[in-house]
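Let the hints inform the model, and build the full structure from the sequences given.
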Amino acid sequence: DVKVTQSSRYLVKRTGEKVFLECVQDMDHENMFWYRQDPGLGLRLIYFSYDVKMKEKGDIPEGYSVSREKKERFSLILESASTNQTSMYLCASSSGTSPGGGYNEQFFGPGTRLTVL
Amino acid sequence: QKEVEQDPGPLSVPEGAIVSLNCTYSNSAFQYFMWYRQYSRKGPELLMYTYSSGNKEDGRFTAQVDKSSKYISLFIRDSQPSDSATYLCAMSAHQAGTALIFGKGTTLSVSS
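First to last, the protein sequences are chains A and B.
Last residue of the first sequence: number 117 in the working numbering, and the count goes up by one each step with no gaps.
Last residue of the second sequence: number 112 in the working numbering, and the count goes up by one each step with no gaps.
Derived by calculation from the structure, the hints in this document are not laboratory data.
All values reported here derive from a predicted model rather than from experimental measurement.
It cannot be assumed that every hint is accurate.
What the hints assert, rightly or not - From the structure, some residues in chain B lie toward chain A, with a derived Cβ separation under 10 Å: (1) Y36; (2) K42; (3) Y49; (4) G103; (5) G105.
What the hints assert, rightly or not - With a straight-line Cα cutoff of 25 Å, these simulated SDA-like cross-link-like pairs (lysine to any residue) come out: (6) K57/A / A29/B; (7) K70/B / D59/A; (8) K42/B / T86/A; (9) K2/B / M88/A; (10) K18/A / E62/A; (11) K57/A / E5/B; (12) K70/B / T107/B; (13) K56/B / S95/A; (14) K42/B / G58/A; (15) K42/B / G40/A; (16) K42/B / P110/A; (17) K56/B / F107/A; (18) K2/B / Y64/A; (19) K70/A / V24/A; (20) K3/A / S40/B; (21) K42/B / L78/A; (22) K70/B / E17/A; (23) K42/B / D28/A; (24) K42/B / E30/A.
Beta carbons are placed, not taken as given, at the ideal position from N, Cα and C, and that holds for glycine.
Okay, structure coming up:
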């Protein structure tokens, strides 16, 4: 059974703290993604990675950084948390190849609800 | 104009109703069209995927894509309370490796 896990379901941090959100997938997927989900705004892409040590900015990278040292793990870092980063954070992964020519499904983790006070 | 537009609802229907969920988009390069379902406090999971134009049916669910109108739909027949969730449309110009562009999601409630 495919699995994307995220380190915490709920997290409360203070303004200015450095925050690490961890994501691990066990499907040997090349691609990994970090989204945030906010009411009325939907899912927005923060960063994604095609391979180990590779990263690409998404639509809203400001205030975030990422790290991918191992294929199965993709970390999202809030360098100095702010209240406007209170959100649901979703990690996803997908295969980088498609032998059958079909679409490569993105598999999502359960999400981390982060509150910054 | 946002790339993908989706009415957030909420949409409330009685059990057994036919539900129609829709998205419009502006980027003619989109070729892959997905519907994800997200239950409360869970991550989204893929429900249906369609490549280019046409229809696809899976049980009570039918996905339609009309590229000429830049319009996609998801129909749910004989809706059940277990269908109560948020439905997100998502699109991509590429098969693999690129992130999806999501609609805001439509929240559906099916009452018994």
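Violated hints - listed by number, lowest first: Structure breaks hint 22 only.
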